[in-house]
Amino acid sequence: MASLTPTVGGSRARRAAVPFSQSPASGTLAGVLTSIAAGICLLLVVLMLLFLLWYTWPAIRYNGLSILSDITWNIGNQYGTGSSIHNGVAAEPGAEFGGLVFLVGTLLSALLAMVFAVPLALGVALTIVYRLPERLRLPTNALIELMAGIPSVVYGLWGTIVLVPWVGNHVAPFVTHHFGFIPFLGGDAGSGNGLFAAAIVLAIMVMPIMVATVRDVLLAQPKSIYEASMALGSTSWQAVTHAVLPSVRTGIVGAILVAFGRALGETMAVLMVAGNAINILPQNIFSPINTIAAVVVSQLESAVSDASGVAQRSLAELALVLFVISLAVNTIARVAIRGQDRSH
Amino acid sequence: MIPTMSPVDMREERAEKLIVQNVDVFYGQFHAMKKASLGVAEHCVMALIGPSGCGKSTFLRALNRMHDLTPGARVEGEVLLDGENIYAPEVDPVSIRHRIGMVFQRPNPFPKTVFENVVYGPRIHGEKRREYLLEVAERSLRSAALWDEVKDRLDRPALQLSGGQQQRLCIARCLAVDPEVILMDEPASALDPIATSKIEDLIEDLKREYTVVIVTHSMQQAARISDHTTFFLSGELIESGTTSDIFTKPKDKRTEDYITGRYG
Ligand SMILES: Nc1ncnc2c1ncn2[C@@H]1O[C@H](COP(=O)(O)OP(=O)(O)OP(=O)(O)O)[C@@H](O)[C@H]1O
Ligand SMILES: [Mg+2]
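Quick note, the sequences are listed as chains A and B, same order. Under our numbering, the first residue of the first sequence is numbered 1, with each subsequent residue one higher. Under our numbering, the first residue of the second sequence is numbered 345, with each subsequent residue one higher.
Hint data in this document are derived by calculation from the structure and do not stem from the laboratory. Incorrect hints may appear among the rest.
Claimed, not checked - Below, simulated SDA-like cross-link-like pairs (lysine to any residue); rule was C-alpha separation at most 20 Å, straight line:
(1) B:Lys472 / A:Pro246
(2) A:Lys223 / B:Ser533
(3) B:Lys595 / B:Ser578
(4) B:Lys542 / B:Gln564
(5) B:Lys456 / A:Glu227
(6) B:Lys456 / A:Pro246
(7) B:Lys378 / B:Thr604
(8) A:Lys223 / B:Gly416
(9) B:Lys551 / B:Arg486
(10) B:Lys456 / B:Ile468
(11) A:Lys223 / B:Asp412
(12) A:Lys223 / B:Leu503
(13) A:Lys223 / B:Lys456
(14) A:Lys223 / B:Gly507
Keep in mind that this is a model prediction, so the values were computed, not measured.
Generate the whole structure from the sequences, applying the supplied hints.
So this is what it looks like as structure tokens:
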């Protein structure tokens with residue numbers, strides 16, 4: 001997982017990182033350099049998009065909408081004769097590239113991760129800002145940075161060795177047995193690999209960035225909001241729910257979206273615990289799933305052997321879909337956080 | 345400087361609303377207030393004066409248990425509200441802050457509408473009846489001398505009001521909880537002279553129903569609005585007395601030096 005610094009260096013750093021902002025520094029050398037750097041970043045994003053579009057174009061024509069709506073992923077019979085042709089693009093006979101399973105897996109695992117992570121991250125960030133003595137702040141912040149620096153594969157290993165057996169042996173049987181009447185909680189308990197384990201791992205992995213972003217949003221809000229509420233005889237809980245959180249609503253939404261964006265794109269750890277589902281949609285929260293990022297990695301080797309190249313390009317097309325979703329989520333998140341900053 | 349006095353009969357006996365006994369405040373290791381003792385008479389205005397950093401805010405915040413909210417801060421000693429120690433273990437600080445309201449140095453309205461700001465207190469205390477809330481809002485805003493200026497824009501964001509209006513809104517918000525004592529920490533220091541004089545007039549009115557303790561940087565202001573004055577210096581309560589005594593015949597040399605302008 002990447003370092004926290006580019007996204008959550010506090011509101012000041014965040015402002016400086018905004019491309020083309022009309023900050024007071026615009027005229028200075030530093031301002032010019034910042035603008036150039038930001039411009040280069042933007043250019044790279046656009047180039048990357050264009051490249052992906054150009055590269056995946058045959059796949060886009062071959063797949064049409066089925067990349068988003070079909071559940072069958074089949075690179076076709078490489079030893080068969082003839083070929084399967086759609087829209088003038090030829091692939092191996094029987095090749096079908098439906099990405100729905102991966103799209104659903106990506107969205108569901110990231111969403112469920114948010115369900116786990118949001119309340120926890122809000123609680124931790126509120127504690128840091130309103131409860132922690134000054135001298136514990138620095139070590140806590142350092143710890144959060146540290147958590148963000150743990151390589152993804154370590155989380156994946158922990159997930160495989162500890163989490164998955166625990167889910168498979170205890171959580172899933174218990175939940176499906178006792179709460180099976182609730183939609184999406186009943187049915188096959190599975191092995192432990194699946195949506196639930198993936199969401200937990202993702203939740204843990206996005207915690208640092210979410211805590212850090214919410215913390216910065218709260219710190220940017222004057223502490224006087226909390227004090228004003230307390231001085232009116234509210235409880236601490238009421239102060240948080242009636243005054244503090246409502247006044248930073250957009251900032252919190254932004255923080256959640258930043259974390260959601262991260263969760264969407266996380267690859268390694270999810271690949272290790274998600275169960276590698278293919279051609280089947282999840283039946284409950286313990287079902288094996290697959291995500292776009294994970295499937296790109298796990299299917300790449302077989303896709304490369306596709307002489308027509310459409311399999312590879314279809315994987316790239318999935319990556320493009322993920323890219324566009326992430327870009328949209330991140331843009332909305334930035335706008336939300338900046339809007340919050342400005343409102344103070 | 346010989347300040348003019350407010351025409352209050354100082355000999356009149358009044359019950360002590362608040363009695364502060366040997367209060368110490370610590371921020372971690374730092375001893376910010378040392379053994380302060382003081383009585384605040386009911387329906388009077390008590391001014392707290394002293395140079396910057398002497399502990400006026402520290403003392404004030406000890407009176408409604410605001411230090412509970414500062415990690416690392418600790419209060420020792422007793423503060424009696426109608427004879428009852430607000431620091432007694434069985435006392436709920438929330439109910440104390442309900443009875444002892446506070447207005448801060450910088451206006452700090454919530455980013456909500458004017459109306460929602462005023463009725464914030466009643467709302468969190470469970471009041472839902474719209475009629476009642478409207479009534480409370482009007483009464484509080486009138487008491488805070490703000491009603492005429494905002495009655496047509498109760499549904500506008502409070503942050504669109506001027507600084508002086510925001511501060512009066514904060515006073516109205518405080519009054520809506522119907523406290524017995526109002527603590528004010530330099531409520532006019534961020535305001536221009538006209539807004540300041542409005543707040544001062546308001547404080548004169550407030551003491552009819554409430555007991556007011558106000559921190560002020562300005563000795564003229566203390567002289568104009570207070571019945572009693574207490575002088576602090578470097579974390580110590582030096583002297584307390586009627587405002588006229590403090591300003592005309594201070595007992596302590598340090599008080600005299602301060603009011604004659606020999607400290608910053
Ligand atoms: N939260 C805190 N942590 C540590 N020290 C503090 C804290 N708040 C205040 N102090 C210190 O306590 C002393 C008294 O501060 P206080 O704010 O009570 O002074 P004041 O008389 O209100 O000053 P001013 O007129 O500038 O508002 C100061 O030395 C200040 O630095
Ligand atoms: Mg102060």
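Outcome of the hint check:
1. B:Lys472 / A:Pro246: 19 Å, holds
2. A:Lys223 / B:Ser533: 19 Å, holds
3. B:Lys595 / B:Ser578: Holds - the C-alpha atoms of Ser578 of chain B and Lys595 of chain B are around 18 Å apart, at most 20 Å.
4. B:Lys542 / B:Gln564: Cα-Cα ~15 Å, so holds.
5. B:Lys456 / A:Glu227: The hint holds at about 16 Å.
6. B:Lys456 / A:Pro246: 9 Å, holds
7. B:Lys378 / B:Thr604: 25 Å, violated
8. A:Lys223 / B:Gly416: 16 Å, holds
9. B:Lys551 / B:Arg486: Holds, at roughly 15 Å.
10. B:Lys456 / B:Ile468: Judged against 20 Å, a Cα distance of about 15 Å means the pair holds.
11. A:Lys223 / B:Asp412: Cα-Cα ~14 Å, so holds.
12. A:Lys223 / B:Leu503: 16 Å, holds
13. A:Lys223 / B:Lys456: Holds: Lys223 of chain A and Lys456 of chain B sit about 16 Å apart, inside 20 Å.
14. A:Lys223 / B:Gly507: Holds. Lys223 of chain A to Gly507 of chain B sits at ~18 Å (cutoff 20 Å).
In terms of the numbered hints stated before, the structure departs from hint 7 and from no other.
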